[in-house]
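Chemist: Given next are the chains, with one letter for each unit.
Number of protein chains: 2
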Amino acid sequence: MPGIEKLPIEETLEDSPQTRSLLGVFEEDTAAISNYCSQLYQAMQRIYDAQNELSAATHLTSRLLKEYDKQRFPLGGDDEVMSSTLQQFAKVIDELSSCHAVLSTQLADAMMFPISQFKERDLKEILTLKEVFQISSDDHDVAINRYSRLSKRRDNDKARAEAVEDVYTARKKQHQTMMHYFCSLNTLQYKKKTALLEPLLGYMQAQISFFKLGSENLTQQWEDFLGTIGASVQK
Amino acid sequence: MPGIEKLPIEETLEDSPQTRSLLGVFEEDTAAISNYCSQLYQAMQRIYDAQNELSAATHLTSRLLKEYDKQRFPLGGDDEVMSSTLQQFAKVIDELSSCHAVLSTQLADAMMFPISQFKERDLKEILTLKEVFQISSDDHDVAINRYSRLSKRRDNDKARAEAVEDVYTARKKQHQTMMHYFCSLNTLQYKKKTALLEPLLGYMQAQISFFKLGSENLTQQWEDFLGTIGASVQK
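Going down the list, the sequences are from chains A and B. Its first residue numbered 1, the first sequence is counted upward by one per residue in full-length UniProt numbering. Its first residue numbered 1, the second sequence is counted upward by one per residue in full-length UniProt numbering.
You may find that some hints are simply not true.
Identical copies carry no separate label here, and so any pair may be met within one copy or between two of them.
[As the list claims (entries may be wrong)] Below 25 Å or equal to it, Euclidean Cα-Cα: the simulated PhoX-like pairs (lysine-lysine) are:
hint, residue 1, residue 2
1, Lys130, Lys193
2, Lys91, Lys212
3, Lys6, Lys158
4, Lys70, Lys158
5, Lys173, Lys66
6, Lys70, Lys91
7, Lys193, Lys172
8, Lys70, Lys212
9, Lys212, Lys158
10, Lys172, Lys6
11, Lys191, Lys172
Quick caveat, the hints were computed from the structure, so don't treat them as lab data.
Next comes chain A alone, as it looks inside the complex (with noise of 0.2 Å):
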């Protein structure tokens, strides 16, 4: 993919002033993809939640009109015609009902299953890396202080080699936490936009198939159950 900016791992090393302030513009987008996202991520979230409610909804409505049999009526409890119409009813709301908890499930998995994945993992990954990254970078800060101020006492051998110690130490975890992290944000740039586009696809998909499933199945059979049942209605 051309294009695509790149944070240069091989500047991790020298840690430069240029580096970090292009570190600071990654993070910045970094906070709106992922602002932007978990945006997007409620609002699927909030489709899923209702496509469930209608779901379950039209599954009780379906059931209830089931047990209209069982329900005692002094009067006229015994009226076949209307027990066996609502009998038709609570069949085809059930079909209906299916084909909404199928479009749930693709919901899903293809919808919330590919958007949640980004958001709980490769963002949150890299939350943890920026942290990780923080702490590192104090640490070596704390390292370079405290050589700072033995290297002008010139006093002790052993500690001022220790404090050397420390401080490749904790440059070399630095660096380490910082390639890392420079990675994981250059993987986001590849990502974003599949990370995006994969639970809208997702959806779209879903929504053609309930349709087709809806149109295919459902219609016709509906609307000449509903021509004899508007008949005997008007009746």
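Since the structure of chain A is already known, use the hints to place chain B on it.
Modeler: Chain B only, in chain A's frame:
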């Protein structure tokens, strides 16, 4: 409509134990209808609320995608392809949200309106009439009691005349409220089937329109669009 049982209005003046017993059967039947209808009403309200929420959440998602261009992404923010792809997604999802909004409106008019009317107007009217009838029956009992006590003492023509007048007024009122109450209970027997079937028909017709709208206007257009996107994402 044959086979529908009726409370005999002409028996309200005599108000015999047989009439009271038949009234009891009608009241039990009305309570059962009322209970069943309330359950169905709640299930339909859940469907309606979920459909509204789905419509709102879909609209929000579309709006978020439209706002992608306004986000400040320091890196690759001016990516034309990504931007136009998300605008296309926003457009089709917005069309879907319009279909959802149409469905919501149809459910409001053809499902929620008739079942609410039946619940809030017809069933509530019967409850009110039941109370009014109960009060006038109690008043009648009080008048009868007072008259019985008076007639034993045989001392006051004026008080007796008043008591007779009270009994007459109370009986007249009770008779009127009873006729009114019987009428309403009879009407309910005629209305009860329509009251259940009308919102179900409305629901089904709204769903059929939704699937038609979706499959005719959206599906083909979406599939072409998704084919293009899918190919460019895989690249």
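Chemist: Each hint should be assessed against the structure and marked as holding or not.
Modeler: Status of the hints after comparison with the structure:
{"no.": "1", "hint": "Lys130 to Lys193", "verdict": "within (22 Å within a copy, 66 Å between copies)"}
{"no.": "2", "hint": "Lys91 to Lys212", "verdict": "both (19 Å within a copy, 20 Å between copies)"}
{"no.": "3", "hint": "Lys6 to Lys158", "verdict": "neither (43 Å within a copy, 110 Å between copies)"}
{"no.": "4", "hint": "Lys70 to Lys158", "verdict": "neither (91 Å within a copy, 59 Å between copies)"}
{"no.": "5", "hint": "Lys173 to Lys66", "verdict": "neither (67 Å within a copy, 43 Å between copies)"}
{"no.": "6", "hint": "Lys70 to Lys91", "verdict": "within (16 Å within a copy, 48 Å between copies)"}
{"no.": "7", "hint": "Lys193 to Lys172", "verdict": "neither (34 Å within a copy, 81 Å between copies)"}
{"no.": "8", "hint": "Lys70 to Lys212", "verdict": "neither (35 Å within a copy, 35 Å between copies)"}
{"no.": "9", "hint": "Lys212 to Lys158", "verdict": "neither (79 Å within a copy, 85 Å between copies)"}
{"no.": "10", "hint": "Lys172 to Lys6", "verdict": "within (22 Å within a copy, 94 Å between copies)"}
{"no.": "11", "hint": "Lys191 to Lys172", "verdict": "neither (29 Å within a copy, 84 Å between copies)"}
Going through the hint list in order, the structure does not satisfy hints 3, 4, 5, 7, 8, 9 and 11.
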